[in-house]
Each structure stands twice: as C-alpha cells, then as structure tokens.
Amino acid sequence: MHICIDDYLLDIVQNSFEAASTRVELVLDETESKLKCLIRDNGKGMDAGVQKRVLDPFYSDGVKHTKRKVGLGLPFLSQACEACQGTFALHSEVGVGTTVEFSFNLGHLDAPPMGNLVSTFVALLSHPLAKELVIRRTVSTRKGTSTYTLSKEELEEVLGSLSTSGVLNLLREYIHSQEEEVMTYHVEPKMQSETRRTQQEM
Amino acid sequence: MAKMTLEELRKLRDQKQGEMQKRDIEGKDSRIVIGMGTCGIAAGAKPVLDAFLAALEEKHIDNVSVTQTGCMGLCYVEPTIEVIVPGMPDVIYGKVDAATARKIVEQHIIGKQLVTDHMFDRPAADIIKKDGGK
Chain R
1 MHICIDDYLL
11 DIVQNSFEAA
21 STRVELVLDE
31 TESKLKCLIR
41 DNGKGMDAGV
51 QKRVLDPFYS
61 DGVKHTKRKV
71 GLGLPFLSQA
81 CEACQGTFAL
91 HSEVGVGTTV
101 EFSFNLGHLD
111 APPMGNLVST
121 FVALLSHPLA
131 KELVIRRTVS
141 TRKGTSTYTL
151 SKEELEEVLG
161 SLSTSGVLNL
171 LREYIHSQEE
181 EVMTYHVEPK
191 MQSETRRTQQ
201 EM
Chain W
1 MAKMTLEELR
11 KLRDQKQGEM
21 QKRDIEGKDS
31 RIVIGMGTCG
41 IAAGAKPVLD
51 AFLAALEEKH
61 IDNVSVTQTG
71 CMGLCYVEPT
81 IEVIVPGMPD
91 VIYGKVDAAT
101 ARKIVEQHII
111 GKQLVTDHMF
121 DRPAADIIKK
131 DGGK
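Each protein sequence line maps, in turn, to chains R and W. Counting from 1, one number per residue, gives the positions in the first sequence under full-length UniProt numbering. Counting from 1, one number per residue, gives the positions in the second sequence under full-length UniProt numbering.
Chain W extracted, bound-state conformation (with noise of 0.2 Å):
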C-alpha cells in the first residue's frame, strides 16, 4: 500500500460512509471501554483493543465507540474491558484476550448474549463467579 495522504483518507471516509448509510444499525449506541492503565498495558490490552477492531470490522459494524480508561480496579484479571449495550446489563469482562473479544463482539454485541464465563462486575451476585470461571 502506497503511503496515504490526509486527501485520500478523506475520500476513503466519504467512501466508508456511503456504505455504512446502507447497512443496519446492530452497534448503535454500544459502547466498549478497554482498561488501558499500566496493569492492562502489561497484561495485553493492546492486542485486545486490536482483537476488537478487526471483529468489528470483520462483522461490518461501524458504530460502536471503542474507548479507554485507566485502571478499574480489578488489576488480577487484566486485560478488563466494560461492554454497554442499550437494553442490557452493563459488564465488566476480565481476563479478555483476542479469542475472548472476538467471542464478544459475536455473542453480546450482536447476539445480545453475556458472555458468562469472562464476567467480573456488575450483574446480581450470584451470577458472577469469583474467578470468572477460569
């Protein structure tokens, strides 16, 4: 790929843009928050931010915010990463590595499932097992 200008990455946005007008709405308002503070940096949260944005794109969906935050507090199960869906609970998922983001972006992004076995916060109690189920 030859080095792109500002110029041309404007038009391939126009471009991306066009296209996405077409497609459905199955990100709308969804909102993934990455653990990016020295423990996740260590524990990969890198390639997990990686991991997220090839599934996304993979699976066409154009909309979901993807952002960071520091550490959450859970720095024994980095890389943690929050998911917040419109009509589901918000969660904070730990140990997440690329298979695990690929997993999420297919089952709770588009199949509106959680993804139980990665869960550390947030839903009733007794849903969450103390070692995430690993």
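Same shape as in the complex, but just chain R (with noise of 0.2 Å):
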C-alpha cells in the first residue's frame, strides 16, 4: 500500500508509459483545500470492458507478468481518493488513449501526505519509456498563484539525455529551484473536523 500522494502518482503514470504513448501530462492543481491531478496519455486505451474491471485488484490483462493476478495500481488511487471523500474517474477510448481524473481533499483526516514531489519528478521524468511527458504544478492560495511547467522534451535539449547521475542530479536541482517558489504560496490545509466517516456511511 502506498504512503503518499506521490507514491500513486508515480504509479498511475508509468501506466501511460507502458501503453506505448508518445506523449502524457501530468497536470496537479493545489489549493488550500484540494488537490486535483489529471494524468492523460495517447496510448493504446482501453475498452469498455477492461475499464470497468480495472478499479478490481484481481484484475490484470496478465501481458507483463502473465502468471500474476492482481493488478494493485488503479485500485490503490481509487481507494485512497475516496477514503478521504475526493473523487476518482477514468476516460479511455482504443487508439486514443485514457485520462485519468482525481482529486484529494487535503483537509481530511484520511488524506495522504503529499510526499516527495521532486524525487518522483525526477523518477518519471527520467522513465525509460517516457518519450514525452509534460508536469504542470499549480499553487493557489489566497496568498497567490505560481505555476511550472517541466517538459522532457526541452530538458533533454538543455541536458542531454536524462540517464546518468549528474545530469538527474542536475534535473533533481532544477526542478527543486521550481518547487521551492510555488511552494511559497503553499497554505497548510485546514483539517476539518468530523470528515471521518460514521460507520453506516462505509
């Protein structure tokens, strides 16, 4: 089981990469209050079918590890939007690709730590089947609004291949400097009292 909202990220990401997309975004909005991510691929989709089994842990197509029987990621996220009342939702067509929409609500008891966004960043950013993937971060708060927007793309450009440990140590520095600014315009969230659920509710 996953720790942070990281953790999901950098999971449900490498989904996108391993259905063969040439290029995924991964948006996050952070308010006060919530915190919404779209993660959307042109990979090869999935059907109707698929879609509907891929919120069941004992769902797997079984092409990575054939012999395995649970596929965790998806039902992972799911499970931790809703438990702290955010909301979850999947888009997918074949050969289009699939968007995947969630959010957090930050002031819940049972929302997860936000964890390392940097080192998953960096992690995702440096994917081998990443071709091109596009981060943009969001932070409005009532003290302001800042945003960065990180493309492998253009970083490949500025520094080469992102493989080795200099040039992630490079990335790891850039993407930091990116960080700390919006950061400044970070509100800890207010907790809100009685968000957790009674036990008729579950």
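Hints in this document: simulated from the structure, not taken from any laboratory. Warning: the hint list may mix true and false statements.
Estimated spans, in silico, between C-beta atoms of each pair [stated by the list, open to error]:
| no. | chain 1 | residue 1 | chain 2 | residue 2 | range |
| --- | --- | --- | --- | --- | --- |
| 1 | R | T145 | W | M88 | 45 to 55 Å |
| 2 | W | P89 | R | E157 | 17 to 27 Å |
| 3 | W | K28 | R | E188 | 40 to 50 Å |
| 4 | R | M191 | W | Q17 | 42 to 52 Å |
Don't be surprised by glycine CBs; every beta carbon is placed ideally from N, CA and C.
Taking the hints as your guide, dock the two standalone chains into a single complex.
If you want it as structure tokens, here you go:
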C-alpha cells in the first residue's frame, strides 16, 4: 500500500508510459483544500470491458506478468481518493488514449501526505519509456498563484539524455528550485472536523 | 535558491561538464536499475533512488546510468535494484534502503566488491542466501 500522494502519481503515470504513449501530461492543481490531478496519455487505451475491471484489484491483463492475478495500481488510487472524500474518474478510448482524473480532499483526516514531488518528477522524467512528459504544477491559495511546467523534450534539449547520475542531480536541483518557488504560496490545509466517515456510511 | 530558468540550467550543465572531464572515469558504463513497480514504490523505492543520486553526487560520480524498471518478480524483498558494473557479475540486491544504497555505491560501484548480505539473484546459487542474510 502506498503512503503518500506522490507514490500514487508515480505508479499511475507509469501505466501511461507502458501503454505505448508518445505524449503524457500530468497536471496538478493545488488549492488550500484540494489537490486536483489529471493524467492524460495518447497510448493504446482500454475498451469498455477492461475499463470496468481495472478497479478490481484481482484483475490484470496478464501481459506484463503472465502468471500474476493482481493489478493494484488503480485500485489503490481510487480507494485512497474515496477514503478522503475526493473524486476519481477514468475515461479511455481504444487507439486514442486514457485520462485519469482524480482529487484528494487535503483537509480530510484520511488524506495521504503529499510526499516528495521533486523525487517523483525526477523519477518520472527519467523513466526509460517516457517519450514526451509534460508536468504542470500550480499552487493557488489566498497568498497568490504560481505555476511551473516541466517538459521532458525541453529538458533533454538542455541537459542531454536524462539517464546518468550527474544529469539527474542537475535535474533535481532545477526542479527543486521550481518547487521551492510555488511552495511559497502553499497554505497548510485546515483540518475539517468530523470528516471521518461514520460506521453506517461506510 | 531563486527559481532557475532553463538558460541557467544550461549554464550549470556546461560548467559541470567541464569539471567532469577532469575527473576520473570511476562509474563509466556502470548501471543501476531500480525496480519501480507498485510493489517497489510501496516498499520505498523512491527514497532509494534519492539515496543513490545523493551518494553518487557526494562521491562526485556523474557517469553512472540510473534507470528504472517495473517489478522484477521479487516483490517479497522490495525495494530491489540491479547493479551492472563492467568486469563484475550482474547482481540483484533486495531489501535495499538508503543506507544499503550508500553501501552499494561505496563497496560495489567504487570498491568493486559485492555487498553479499543483500544479494538475491544472479551469481552462483551457493553465494546467495535465501533471505539475503536478513
């Protein structure tokens, strides 16, 4: 089971890479109370039958691991969103791509902590199957709004292949400076009282 | 640190490359492959990636390839990583945490000695302990 929001992001964006996408977008919009996420790819997509089954932890297409009977990525994510009264939606079309849209209610007692977005972005951008990945992160609160965008193609144009330790450490430093800037607009979510679901509701 | 522009990043890279050429070729053609499947992530593969990058930076080794793969089939000893160093057997290490990552950099990548207490796959079966020595 994943601990932080960034673990879910890392896990689910990798699905897009493995679906033979040439372009993947990860959009994160954070406010004082919510984190809205969108992962959009132009990969192979899923038909209606598969879409119905992907949230079942005991479903796997059996392609990557032929003998395995579990697939936990999306089930973990939808469960985590649901636990903090967030949202989860999946849209997919064969041959067109897949979009996963979800949100976390950050003031909820059961919302996972954010984790380390800088590390997550380094891992995603340097993933060997990632062709173009565009990450857009926005923090918008009463203090103001700030955004940064990372594009794998653009970063590789500057740094060369994102594969060796020296380059990855430079990449980390760059993303860290972007993250530090947007975090000056971050406001700690106000914990909502009585958000834990009662026994009957569950 | 002020927000860096792509131009500043380019300058920093040029400056680093100059330094790199003066340095020894310690990590040349070495590769670290981190298992970053659902199981790896859940067991803490991301902090391990961070630890490898930090340890390599500390030792001024800029040319080790650090990459990722999915599950390597050893979910019970995640985080797992594969280390490929020319002239040494390819090894899969399991139960790797930040401290082990540091040890692998110092002992395996630099010292060219296997870290036997975390080995789970590859060299002769009699070297590999079933539980990796844990």
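Results of checking the hints against the structure:
Restraint check, T145(R) to M88(W): a C-beta distance of roughly 51 Å satisfies the suggested window 45 to 55 Å. Restraint check, P89(W) to E157(R): a C-beta distance of roughly 37 Å breaks the suggested window 17 to 27 Å. Checked against the given bound of 40 to 50 Å, the beta carbons of K28(W) and E188(R), roughly 46 Å apart, stay inside it. In this structure, M191(R) and Q17(W) meet the distance hint of 42 to 52 Å, their C-beta atoms being roughly 48 Å apart.
The earlier numbered hint that this structure contradicts is number 2, and it is the only one.
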